[in-house]
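Undergrad: If you read the sequences in order, they're chains R and G. Using my numbering, you'd call the opening residue of the first sequence number 1 and step up by one each time. Using my numbering, you'd call the opening residue of the second sequence number 1 and step up by one each time.
Simulated from the structure, these hints should not be mistaken for laboratory data. Incorrect hints may have been included.
Claimed, not checked - Simulated crosslink set (PhoX-like; lysine-lysine; CA at most 25 Å straight-line):
| # | chain 1 | residue 1 | chain 2 | residue 2 |
| --- | --- | --- | --- | --- |
| 1 | G | Lys154 | R | Lys414 |
| 2 | R | Lys354 | G | Lys199 |
| 3 | G | Lys482 | R | Lys354 |
| 4 | R | Lys148 | R | Lys82 |
| 5 | G | Lys102 | R | Lys414 |
| 6 | G | Lys102 | R | Lys354 |
| 7 | R | Lys414 | G | Lys158 |
| 8 | R | Lys137 | R | Lys21 |
| 9 | G | Lys290 | G | Lys158 |
| 10 | R | Lys392 | G | Lys199 |
| 11 | R | Lys148 | R | Lys21 |
| 12 | G | Lys199 | G | Lys482 |
| 13 | G | Lys102 | G | Lys346 |
| 14 | G | Lys97 | G | Lys360 |
| 15 | G | Lys360 | G | Lys346 |
All of these numbers come straight from a predicted model, not from anything done at the bench.
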Amino acid sequence: MNTLIVISVLPIVLLYLGLYKAKNALLPVTIVGLLVALGLAVSQWNVDAQPIFSGMMLFDKYAIAFSSISILSTILILALSKEYFERISSHVAEYYAVILFALAGIIVMVSYHNLSMLFIGIEIMSVSLYILAGIKKTDFASNEAALKYFLMGAFSTGFLLFGITLIYGSSGSFDLDVIRDWALTHTAKTVDPMFYTGIMLMIVGLCFKVGAAPFHFWTPDVYEGSPTLITAFMSTTVKTAGFAAFLRLFSTCFASLADLWTPTLMVITVITLCVGNVTALYQQSFKRMLAFSSISHAGYLLFAIVALGINSGNSVFVYATAYTVASIIAFAVLILVQQQSGNDNFESFNGLGKRNPFLAFVLTVAMLSLAGIPLTAGFMGKFFMFGGAVAKMQIWMVIIAVINAIVSIYYYFKVIIAIYFRDAERAELVAPGYVNVVLGLSVVITLVIGVYPNLISNLIP
Amino acid sequence: MTVSILIFLPLLAAAALVFLKNEVAKLAALFFAVVELALSAYFLANYIPGSNTQFLVDQSWIPQFGIYFNAGIDGINIIPIMLTTLLVPIIILTTFKHEYTKANIFYALILFMQSGLLVVFTALDGFLFYVGWEAALIPIYFISALWGGENRIKVTLKFFIYTFAGSLFMLIALIYLYTQNPSHTFDLHEFYNFNMTAKQQGFVFLAFFLAFAIKMPVFPFHTWQPDTYTEAPSAGTMMLSGIMLKMGIYGAIRWMIPVVPQGFDQYYPYCITLAVIGIVYASIIAFKQKDGKRLVAYSSIAHVGLIAAAILAWNVTGVQGAMIQMLNHGINVVGLFFIWDIISRKLGTRDLSQLGGIAKNNPWFAVAFLIITLGTVALPLTNGFIGEFLLLDGVYYYNITLAAVAGTTIILGGVYMLRMYKSVMQGPTNDLTLTFTDVTGTERLVLVIICALIIVIGVYPQPILHLSEASVTQLVGEVNAKLNALHAPAAAVPVK
Numbered sequence: 001m002n003t004l005i006v007i008s009v010l011p012i013v014l015l016y017l018g019l020y021k022a023k024n025a026l027l028p029v030t031i032v033g034l035l036v037a038l039g040l041a042v043s044q045w046n047v048d049a050q051p052i053f054s055g056m057m058l059f060d061k062y063a064i065a066f067s068s069i070s071i072l073s074t075i076l077i078l079a080l081s082k083e084y085f086e087r088i089s090s091h092v093a094e095y096y097a098v099i100l101f102a103l104a105g106i107i108v109m110v111s112y113h114n115l116s117m118l119f120i121g122i123e124i125m126s127v128s129l130y131i132l133a134g135i136k137k138t139d140f141a142s143n144e145a146a147l148k149y150f151l152m153g154a155f156s157t158g159f160l161l162f163g164i165t166l167i168y169g170s171s172g173s174f175d176l177d178v179i180r181d182w183a184l185t186h187t188a189k190t191v192d193p194m195f196y197t198g199i200m201l202m203i204v205g206l207c208f209k210v211g212a213a214p215f216h217f218w219t220p221d222v223y224e225g226s227p228t229l230i231t232a233f234m235s236t237t238v239k240t241a242g243f244a245a246f247l248r249l250f251s252t253c254f255a256s257l258a259d260l261w262t263p264t265l266m267v268i269t270v271i272t273l274c275v276g277n278v279t280a281l282y283q284q285s286f287k288r289m290l291a292f293s294s295i296s297h298a299g300y301l302l303f304a305i306v307a308l309g310i311n312s313g314n315s316v317f318v319y320a321t322a323y324t325v326a327s328i329i330a331f332a333v334l335i336l337v338q339q340q341s342g343n344d345n346f347e348s349f350n351g352l353g354k355r356n357p358f359l360a361f362v363l364t365v366a367m368l369s370l371a372g373i374p375l376t377a378g379f380m381g382k383f384f385m386f387g388g389a390v391a392k393m394q395i396w397m398v399i400i401a402v403i404n405a406i407v408s409i410y411y412y413f414k415v416i417i418a419i420y421f422r423d424a425e426r427a428e429l430v431a432p433g434y435v436n437v438v439l440g441l442s443v444v445i446t447l448v449i450g451v452y453p454n455l456i457s458n459l460i461p
Numbered sequence: 001m002t003v004s005i006l007i008f009l010p011l012l013a014a015a016a017l018v019f020l021k022n023e024v025a026k027l028a029a030l031f032f033a034v035v036e037l038a039l040s041a042y043f044l045a046n047y048i049p050g051s052n053t054q055f056l057v058d059q060s061w062i063p064q065f066g067i068y069f070n071a072g073i074d075g076i077n078i079i080p081i082m083l084t085t086l087l088v089p090i091i092i093l094t095t096f097k098h099e100y101t102k103a104n105i106f107y108a109l110i111l112f113m114q115s116g117l118l119v120v121f122t123a124l125d126g127f128l129f130y131v132g133w134e135a136a137l138i139p140i141y142f143i144s145a146l147w148g149g150e151n152r153i154k155v156t157l158k159f160f161i162y163t164f165a166g167s168l169f170m171l172i173a174l175i176y177l178y179t180q181n182p183s184h185t186f187d188l189h190e191f192y193n194f195n196m197t198a199k200q201q202g203f204v205f206l207a208f209f210l211a212f213a214i215k216m217p218v219f220p221f222h223t224w225q226p227d228t229y230t231e232a233p234s235a236g237t238m239m240l241s242g243i244m245l246k247m248g249i250y251g252a253i254r255w256m257i258p259v260v261p262q263g264f265d266q267y268y269p270y271c272i273t274l275a276v277i278g279i280v281y282a283s284i285i286a287f288k289q290k291d292g293k294r295l296v297a298y299s300s301i302a303h304v305g306l307i308a309a310a311i312l313a314w315n316v317t318g319v320q321g322a323m324i325q326m327l328n329h330g331i332n333v334v335g336l337f338f339i340w341d342i343i344s345r346k347l348g349t350r351d352l353s354q355l356g357g358i359a360k361n362n363p364w365f366a367v368a369f370l371i372i373t374l375g376t377v378a379l380p381l382t383n384g385f386i387g388e389f390l391l392l393d394g395v396y397y398y399n400i401t402l403a404a405v406a407g408t409t410i411i412l413g414g415v416y417m418l419r420m421y422k423s424v425m426q427g428p429t430n431d432l433t434l435t436f437t438d439v440t441g442t443e444r445l446v447l448v449i450i451c452a453l454i455i456v457i458g459v460y461p462q463p464i465l466h467l468s469e470a471s472v473t474q475l476v477g478e479v480n481a482k483l484n485a486l487h488a489p490a491a492a493v494p495v496k
C-alpha cells in the first residue's frame with residue numbers, strides 16, 4: 001500500500017521539479033523514490049496480507065513479487081534514460097512523471113482484489129502509455145503509434161468492461177473472493193451463459209492488453225513508432241503486469257471452471273506463438289523483430305494460464321523476469337546502435353563484436369536467453385512453462401511451442417551472426433558508463449537465474 | 001573427491017583464459033587440459049570396475065522440480081569421460097602451429113565445451129544431462145562459425161538449428177518422464193525403475209532417438225554433418241567428431257534404451273535398418289569424394305552407423321564393442337582430421353587429385369598416416385579391429401543378413417581409405433607435393449601419441465574392455481530381463 005502511495009506522489013514531485021527547472025535532480029529523485037517504494041514493498045513480505053481499502057486491493061506475496069519486478073525493470077529502463085529524453089524533447093519532467101503514473105497503474109493491476117480496481121489499474125496504465133507513445137510531438141510515426149494504440153486500447157477496454165459487467169451480473173459482486181465462491185458452486189455445465197460470455201469478453205480484453213494474437217495488430221506499429229526507450233518499457237514492464245493481472249484473475253476466480261475457457265485460450269496461445277514467430281522471421285528491422293518476438297513470448301507466457309496449476313505464478317514470474325532483463329539489454333544496445341548508424345536494421349549490428357566487445361557479448365547473452373538456450377534465464381522460463389504444460393498433459397501444445405522455439409533460433413541468431421561474423425566499416429561504439437552498469441547487471445541476472453533459478457522460482461506460494 | 005572438480009575445472013579455466021593474452025592462451029589451455037587429464041587419471045586409478053556409481057556428487061539444485069546436481073562415474077561412462085579428457089589436450093596440441101585471431105577466446109570455448117561434454121557424460125539427472133547437452137553445443141557453434149571456412153555462417157546455423165531441434169524433443173521427453181514417474185524427479189535410476197505403457201514408451205523413445213540420431217548422426221539425419229565438418233576449423237571438427245558425436249552414442253546406451261525398453265522394443269528393427277543403410281550409403285559417398293576432409297566426414301557416418309546398429313542390437317558384445325569403439329573412433333578420427341589439417345596448412349589444398357607422392361620424402365608423416373589409416377580400416381592388431389569385430393559380432397547375434405550388410409563397412413572402408421592414402425601419399429610427386437616438408441615438433445608429437453594409442457589398444461584391449469564389462473553386462477541384463485518378462489506371456493500361449 002505504501003508502495004502505491006510513494007509511486008503516486010513521486011510523479012507530482014517530479015512535475016514540480018520540472019516546473020522549477022531542476023532538470024538534474026529528476027533522475028536521482030526518481031530512482032531514489034522508486035528504491036524507497038521497492039523497499040516498502042519488500043518489507044511487507046512476511047506480513048500476513050489481508051484485503052485493504054474495503055477489499056479493493058490485496059498486497060499478498062504475488063502482488064509484492066510482481067510489484068518488485070515491475071519497479072526494478074522501471075529503474076533499469078529509467079537508468080538508461082539519462083540524456084535520452086533530453087535529445088527528443090525539452091519537457092523532460094513529463095516523461096518521468098508519465099512513466100511513473102503508468103507504474104502506479106501497474107502496481108494496482110498486480111495487486112487488485114476487486115474487478116473495478118483491475119479496470120482502474122489498466123486504465124491508469126493505458127492512458128499514460130497513450131501519451132508516452134505519442135510523446136515525440138513532431139514525429140509522424142510517433143503520432144500514428146499513439147493514435148493506433150489509443151483507438152485499439154479504448155476498444156479493448158470496452159470488451160473488458162463488458163466482461164466485468166456480465167460477470168457482475170451473474171455473480172453479484174466485483175470482489176474476487178465472492179466471484180470465486182460463486183464459481184465454485186457451479187460446474188462448467190451448469191454455469192450461466194452470461195458468466196461464460198463475461199469470461200470470454202475478459203479474455204479478449206486482456207489479450208489485447210498483453211498483445212496476444214489475433215488481438216496483436218497494434219503491437220508492431222506501436223512498438224516501432226514509439227521512442228525506443230518507451231518501447232522497452234511497454235514490452236517489458238507493461239507486458240509483465242498484463243500477465244500478472246491476467247493470471248491473478250484466472251487463478252483466483254475462474255480456476256474451477258477451467259474446462260470452460262481452456263480450449264479458447266489454447267487456440268489463442270497457438271495462434272500467438274505461430275503468428276509472432278513466423279512474422280518475426282521476415283523482419284529487416286531489429287526493433288520490429290523484437291516487437292513480433294514479444295508476441296510469441298506472450299504465447300509462451302499464456303502457457304501458464306492455459307495449464308493453470310500451483311506453479312503458474314512462479315512460472316510467469318521466472319519467465320517474465322528472464323524476458324524483461326533480456327529485452328532491456330536488447331533495447332539498450334539498440335538505442336546505442338541506432339544513434340550511431342541512424343537506423344535499426346540488422347545491418348546496423350554488423351561487426352559489433354569488433355566495435356564494442358562488451359556490448360556484443362551482452363547482446364549475445366540476451367539473444368540466447370530469448371531463444372531459450374540453457375544456462376540463461378530464458379531457458380529456465382521455458383522449462384517452467386513446458387513443465388507445467390506437460391504435467392497437464394498438453395503435449396501437443398508443447399510440441400507446437402518447441403517447433404516455434406526452433407524457428408525463433410533463426411532470427412535471434414541473425415543478430416548474433418551480424419554481430420560477430422559480418423564486418424562493417426564503422427567506428428568503435430562507445431557506451432556511456434551508466435549503460436554499461438545496466439547491461440552488466442542485466443547480464444548477471446540472466447546468467448544467475450539461468451544457473452540457479454531457485455533464487456526467484458519459489459517466491460509465490 | 002567428486003566428479004564436480006572434473007566438471008568445473010575446465011569451466012574455471014575457460015573463464016581465466018578470457019582474460020589472458022593471446023600468446024600465452026595456447027600454453028595455458030594445454031596446461032589446464034593436461035591437469036584435467038591428470039585428474040581423470042587419478043579417478044581412473046581409484047575406479048573400481050563393476051561397483052556402483054563412484055565419486056558421486058549429489059546436490060539439490062531446483063527442488064520444486066526434483067532436480068539434483070547428481071553426477072558420478074561408473075562403468076557406462078568411464079570410457080567417454082576418459083576419451084574426453086584424453087582427446088582435449090591432444091586437440092589443443094594439434095592447434096599449436098595455427099595462429100588464431102583472438103586465440104584466448106578460441107581456447108576458452110574449447111575448454112568450456114569440454115566442461116559441457118563432461119556434464120553430459122557424468123550426469124545422472126535428466127535435467128543436468130540436458131543442460132550439459134546444450135552447453136556443449138553453444139561453444140562449438142561459435143568455434144565453427146568464428147574460425148571456420150567460407151560457407152561457415154550458413155552451415156553452422158543449419159547445424160545449430162538441426163541439433164537444437166532434436167534436443168528440444170528430448171527435453172519434452174525428459175519433462176514427460178519427470179511428470180510420469182511417481183516420485184517426480186529427474187533421477188536416472190528413478191527413470192529406470194518405473195513402468196509406463198508401451199504407447200507412452202514408444203513416444204518417449206522416438207523423441208530420444210531423434211535427438212541422438214541427429215547427434216551421431218544416423219542416416220537420414222546426417223545432412224548437417226559433412227558440411228559442418230568441412231567448414232569448421234580442424235580443432236572444431238575434431239571436437240565434433242572425436243567427442244561430441246559420442247554424446248549421441250552414450251545417450252542411447254544410458255538414457256534411451258534402459259529408460260524406455262518397451263519403446264525400444266517396438267521401434268528398434270526400423271532404427272537398426274536405418275543405421276545399416278547409413279553404413280553402406282556413407283561408404284559409397286565417401287568413395288566419390290574429392291575433398292579429403294569431406295571424405296573423412298562421410299567415413300565417420302559409416303563408422304558411427306555400425307556403432308549405432310550394434311547398440312540397437314542390444315547385447316553385451318555389441319555394447320562392449322560400442323564402448324571401446326567410441327574410444328577408438330575418437331582417436332582415429334582426430335588423427336585423420338589432423339592429417340588433413342597438416343596437408344591443407346602446408347599445401348593449401350585438400351583436393352585428392354592435386355596430391356600424390358608425399359610418402360617419398362616424408363617418412364614420419366607417411367608412417368603415421370598409414371598407421372592411422374589401418375586403424376580406421378580395422379586391420380588386426382590396430383585398435384579399430386577389436387572394436388569393429390565386437391560390433392559386428394553384436395549385430396550378428398541380432399540378424400545375420402544385417403550383419404553381412406553391415407560387414408561391408410570393412411571392405412568399403414578399406415576401399416575408400418586406401419584410395420585416399422594412395423592418392424595422397426603414393427604415385428608420382430608433383431610441383432605442389434614436392435614442397436611438403438615432414439612433420440616436426442608438436443605435429444610429430446601428436447602423431448606419435450595417436451599411433452602409439454592405436455597400436456597399444458589394438459594389441460592389448462583387455463584393460464579397457466574390463467573397465468566397462470561388469471556395468472554393461474548388468475545394464476544389458478536388466479533391460480533384457482524386462483523385455484523377456486514382457487514377451488514371456490505371449491510365448492506361453494500354446495501354438496495351434
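Undergrad: In ascending order, which of the hints set out earlier in this document are inconsistent with the structure?
TA: The structure conflicts with hints 2, 3, 4, 11, although it agrees with all the remaining ones.
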